[in-house]
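K.L.:
Listed below, chain by chain, are the residues.
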Amino acid sequence: MLDVQDLQKIYTGRHRNVEALRNLTFHIAEGELVCLVGPSGCGKTTLLKCMAGLLAPTRGEVRLDGRPVAGPPPGMAVVFQEYGRSLFAWMNVRDNVALPLRRKKLGKARERELVDHALEVVGLSDAHEAYPWQLSGGMQQRVAIARAVAYEPKVLLMDEPFAAVDAQTRAELEDLIRKLWHELGVTVLFVTHDIDEAVYLGQRTLILSKSPTVVQEDLTIDLPDERDQLHTRSSPRFAELRAHVYEQIQRAKHHSGDTAPDPVIADRTIEPVLQKTES
Amino acid sequence: MLDVQDLQKIYTGRHRNVEALRNLTFHIAEGELVCLVGPSGCGKTTLLKCMAGLLAPTRGEVRLDGRPVAGPPPGMAVVFQEYGRSLFAWMNVRDNVALPLRRKKLGKARERELVDHALEVVGLSDAHEAYPWQLSGGMQQRVAIARAVAYEPKVLLMDEPFAAVDAQTRAELEDLIRKLWHELGVTVLFVTHDIDEAVYLGQRTLILSKSPTVVQEDLTIDLPDERDQLHTRSSPRFAELRAHVYEQIQRAKHHSGDTAPDPVIADRTIEPVLQKTES
Amino acid sequence: MTSPGLTPVLAEPAGTDSGPGGASARRGPVPVAVLRGLAGLAGLVAVLEVLPHTSLVSADYLPPASETVRTLGTLLAEPTFWTALGDTLTGWGLGLAVAVVAGVAAGVVIGSVPVLRAVTASTIEFLRPIPSVALIPVAVLLYGTDLRSKLLLVVYASFWQVIVQVLAGMQDVDPVAEDTARSYLLGTWGRVRHVLWPTALPYVMTGVRLAATVALILTITAELVIGAPGLGHEIAVAQVSGAVPEVYALVLVTGLLGVAVNLAARAVERRALHWHQSVRREVTA
Amino acid sequence: MTALSVLRRGLLVLGLPAVLFAVWWFATAGSADFYFPPLSTILDSFGKVWTGERLLSDVVPSLLRLAAGYLLAVVVGVGLGLVVGMRRAVRDVLEPVLELFRAIPPPVLIPVIMLFAGIGDTMKVLVIVSGCMWPILLNTVEGVRAVDEVLGDTCRSYGITGVARLRHLVLRAASPQIVTGMRQALSIGIILMVISEMFAASNGLGFTIVQFQRSFAIPEMWSGVLLLGILGFLLSLLFRFAENRALAWYHGLRRAQRNP
Amino acid sequence: AGCGSSSSSSGASASSGGGKTTEVKVGIIPIVDVAPLYLGDKKGFFSSRGIKLKMESAQGGAAIIPGVVSGQFQFGFSNTTSLMLAQTKGVPVKSVVNGAASNGKIGADVTGVAVKKDSSIKSAKDLAGQTVAVNTLQNIGDTTVRESVRKAGGDPSKVKFVEIPFDQMPAALDGGQVDAAWMGEPATTIAKGQGARVIASPFAETDPKLTVATYFTSAKVMQENPDLVKKFSEAMAESLTYASEHPDEARQILTSYTKISGDVLDKLILPSWPAEVDMASLEKLAALGEEDGIFGDKKPDLNALFS
Ligand SMILES: Nc1ncnc2c1ncn2[C@@H]1O[C@H](COP(=O)(O)OP(=O)(O)OP(=O)(O)O)[C@@H](O)[C@H]1O
Ligand SMILES: Nc1ncnc2c1ncn2[C@@H]1O[C@H](COP(=O)(O)OP(=O)(O)OP(=O)(O)O)[C@@H](O)[C@H]1O
Ligand SMILES: [Mg+2]
Ligand SMILES: [Mg+2]
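The listed protein sequences derive, respectively, from chains A, B, C, D and E. So for the first sequence, the numbering used here puts the first residue at 4; every next one is plus one. So for the second sequence, the numbering used here puts the first residue at 4; every next one is plus one. So for the third sequence, the numbering used here puts the first residue at -3; every next one is plus one. So for the fourth sequence, the numbering used here puts the first residue at 18; every next one is plus one. So for the fifth sequence, the numbering used here puts the first residue at 170; every next one is plus one.
Rather than coming from a laboratory, the hints here were simulated on the basis of the structure. No residue lacks a Cβ here, since even glycine has one placed at the ideal position from N, Cα and C. Please note that the accuracy of each hint is not assured.
As the list claims (entries may be wrong) - Incomplete in silico selection of chain D near chain C, CB under 8 angstroms:
| # | residue |
| --- | --- |
| 1 | V30 |
| 2 | G32 |
| 3 | L33 |
| 4 | V100 |
| 5 | V110 |
| 6 | P113 |
| 7 | R119 |
| 8 | P124 |
| 9 | V125 |
| 10 | L132 |
| 11 | N220 |
| 12 | L244 |
| 13 | L245 |
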């Protein structure tokens, strides 16, 4: 469904040209849940924006259902990393969530229902009258998530959406995303810095190298589909995968499109690896 | 050194009054490194702002070295949760970091040295000419950290400073903070949502209840002072503390100043607890 | 999912929620502001009262405030004054309304279409500095002393004030907010209405405040020069007759109109921009 | 490539004015109306009137007054705006008084200014200031009030106060809006330059235009109006140039995520 | 509110000129000189001829002449130099009846050059090298002041003129911003009240019968509605005569359209209001204008303009 072909993005500035993405090629099938990790500044946000049709790539292209993405395609929701700035200060929480629904013309009642439900699942039922600037960072971020959830998108791009929420809420939101994904068959691309999350959440994890960025590894997460915070996370396979991703991320800090022209690997690492925490 | 006495903060708005902090009392000794965790929206940022003298509490007071804090005291640096908005869009990275140093009148050379060093330790030596809006989220956050580091404060308040950086960088920055703390004897209050971090980093962890907020627990981290990402994190004591904090945070989501008027406990939980991940 | 801490506190109505340094503004912000404003005006009156008694200027040409106010009192008793005031307010109100509506509409259209913006920029810069006074003969030629000739001048002058502010405001939109709107496919109209317009609103408010006084000034000037009925005409007659206190009394009236306009604008702003940094800081904190 | 983009820009800048001039040209082509002479006549007199010594004797003095008045207005407007914008109490006290003055039309204000400043250039400069100041003042006040609170907190916590705060935070953060005010003020300045020269003047662009108008030299008068427009346009180009340098960060930021 | 009836309807009824009452708009400056118009209106000289007057008072010719030319007003009031100037530039105007004239009294004419009480300027001769305020440059004021200087034996080319509205002149004179000021009424009376001395009376010194201002109309009205022009001229002539004969009534009528009152009203000097223009004085005025070059290289055609 989502095809990224040879994507390159160079930011040109007055004194500073940055090749954020060197050469990215990967494919996300319909209904997949893919996590994206990579060093800070490697171009994850840039990639997401290109995929959302918000940024024109320097070279290469993104295709959605076979059609090149030139502008934001319908049925796609994005949760931005800069959650605070992506909320409209002049609207209260409810309106912020309801706004994208307006043009769907679902009728007042259905719209209300969707908004209420979305706010409830992110734990903000009490705050629907508040304005974004009256909320804490984590609450703002959850409003942005609620907006995407209420929108019922076919494709969901999330850029570090749980960075500002506490561990408990984070776990709940992770399960929420998996539930949505199951129920609605959404295609999800999820950027995160949390390795546990990257392993726990998806079916695949894409690991990017540092900038100029290439895909360093395309890892299939072979955990059972039925996941659960307590048991999945304590399974040996989880620990193995986790350790592997951790190692790859450490490697990514030194590896880039310049240093190693190795082919993109789509393997599944099997050997057990060192664990981060011991029980 | 830092005394929080009976602190209450109520935000009054047009339609919405929120009692963010109910009744907080705790003490941070000179040279301590204290972590602060609590559910999203419980008032951590509010507390930090009150301690930094940026917000007047509704009741109670904050004392620094015995003197009530009325405005921002000298020698204190704050890293804000909204890192993006706390950078000056009209200054490049270097100037952003150098600005607070100016009034210290350290001389050009020393200033330069401090800035270069700070940028280097956060991994941004390459980007010193860039403007904040040309940086990724994690890079922006690291600029804010570099600014605080270069300032060489006596008290350092950090509000989820590593939320936007990758795991590897995060680990490095954690060690950086511990190093600074050791070398310069800074007093640090560190807000985080990452439980591992909360345990790994400090000497004490304050756990706040949900709002209206009280101190739910004041936990001493009895790990050896010499810490190291690999070994500390794999020690059994770490796992115990980690599990305890995790449990407390889950409790905090239901516990508040309203539900349970239990006294503030300053205990150290000794019994082994359930582990989140199994190795 | 459990609800996080959000406990509305209803018991405590008047908080002391002000930042250190921004004290006590909370306890009835309106009366305090009004009192301060009156203090400012009183200061001005005092200066104007004392000035003519100094050697700086003779009371023949700048009458003391007390005399101006006394003259104003007699003016207020005359029905002609009220007709003139009515005429001025009509011209001003209509002209301002037309200018604001046209300025906002044109500004929004031009501001939301980059090509239009590029194409019209030079023309706008060319037309703006053409003084309305140079248009007086044209206005008289077309409409005589009719209300319309007043309107022509008023609209021409205040239109630019609005459009320039609208254009600048629309440019100020946060790229992230803009991206958000685009990714949720808000469409041109949706983006204008929900993103660009609220962003521009603070600028527009300033534009309207500027335009309101420019419109007032042009209304009076048109009346003064062309002789269309209104306060300006009264001023002209008083000037020609050498009735200095009358002139100042009338000028005072125009000044007070300006103050009233500003009060109204501030009231609107408190409502329409309650979410904006500038207002929320002062109202809440 | 670059030649093409220059051409494109030229077309964008000059396209619409060219069309408008063409419309004007044809609409007035055979005009017998005394007050609306054909554009050809106006252009004709433009060449005659504004090329010779008038350039030195009228245009230059006007421009000097304009420059002086405008710069003074910027200083006063920004200075006062900073004070008024940063202190709620000051704003409450001063705003009604300022609004009162703002609403007084220049033609009745000029006599008062004349009482204090005489009839020379000082008076004319002050008249320009008295009108130019307001957009700058109002925009500065609003820009200062809108400074991001996180940035404000950042400065306070790092002890960046006083002049440093003004210079590094307040002025810079408010600069997009201040610049908007200055842009407004530029054209108002030109207008007031004309108005001020209607009183007690013996040279100047405004004086000349008014004299033409009074002596029924209508094509010459229109040519003066045309010159004012051209002047405004040229000054705005100059302004744009300066703005692009001063607000490079702002334009960069605003363009940051737009497609090229 | 606003201006009441729209100009188009009144314009139409005026030009149709039927037997009924026609509304006629006259562009005037609210000064002493137009008192006969108001007085005549009050006395019914106009309504008896089916003319309903509506005065449109403007600040000066800049607004009146375009108004008349475009048909917004049917008649206008203007000083004679301005009319000559307009004619030489091809503005289609035609004077229809006398307006006001110098009263011929040197030292007590309608306009005068005033200086401060303690000024060293004693006569028009001393004006050379001084700054003199006039209300409009290149117009009747400076040409006649130059004539006074010339007659008094001074060098008129050495006089510096600046433009200041009449009402600002007393203040400008008092503040020392100008050395002398050529003022009209009521400024002269006000200045005298503050101690100023009148040292010259340029109108009377140019010609004791100088025709200062007339009422005019546009060529279009002249052609399309000669009947209206005729009636207006007759009514105006009658008003002028009446005003000349009843100066006190003329003085009193000022209170209806100006704010002159009290002492000033009583002391005010009135012009003379003959019913006919004085061609000889106009020729002199035209010659002065030519000499000062205000008509460019053209010559006003006085016969076409004033008869
Ligand atoms: N608007 C811009 N102009 C210039 N360079 C930019 C711009 N945006 C991003 N960059 C550069 O592109 C690179 C990738 O940025 P990007 O935001 O995509 O990183 P990221 O992977 O999202 O990082 P993070 O995890 O820290 O958010 C960085 O080096 C950054 O400096
Ligand atoms: N300016 C404000 N006006 C009104 N209410 C506010 C304001 N700032 C914060 N609050 C409220 O105060 C409470 C605590 O907010 P705070 O930002 O301190 O939480 P936090 O602990 O930092 O949360 P997070 O971890 O999500 O950042 C929240 O309920 C929030 O809605
Ligand atoms: Mg990013
Ligand atoms: Mg927070």
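K.L.:
Evaluate each hint against the coordinates.
P.N.:
Right, here's what the structure says about each hint:
1. V30: The hint holds - V30(D) has a Cβ within 8 angstroms of chain C, the shortest such distance being about 5 angstroms.
2. G32: holds (6 angstroms)
3. L33: Holds. Min distance 5 angstroms.
4. V100: Where the cut-off is 8 angstroms and the nearest Cβ of chain C is about 13 angstroms from V100(D), the hint is violated.
5. V110: holds (4 angstroms)
6. P113: Hint holds; P113(D) Cβ to chain C Cβ min 4 angstroms, cut 8 angstroms.
7. R119: With Cβ-Cβ at 5 angstroms, under 8 angstroms, it holds.
8. P124: This hint holds: P124(D) lies near chain C, its Cβ roughly 6 angstroms from the closest one there, short of 8 angstroms.
9. V125: holds (5 angstroms)
10. L132: holds (5 angstroms)
11. N220: Since the shortest Cβ distance to chain C is 17 angstroms, the answer is violated.
12. L244: Check failed: Cβ of L244(D) comes no nearer than 10 angstroms to chain C, outside 8 angstroms.
13. L245: holds (6 angstroms)
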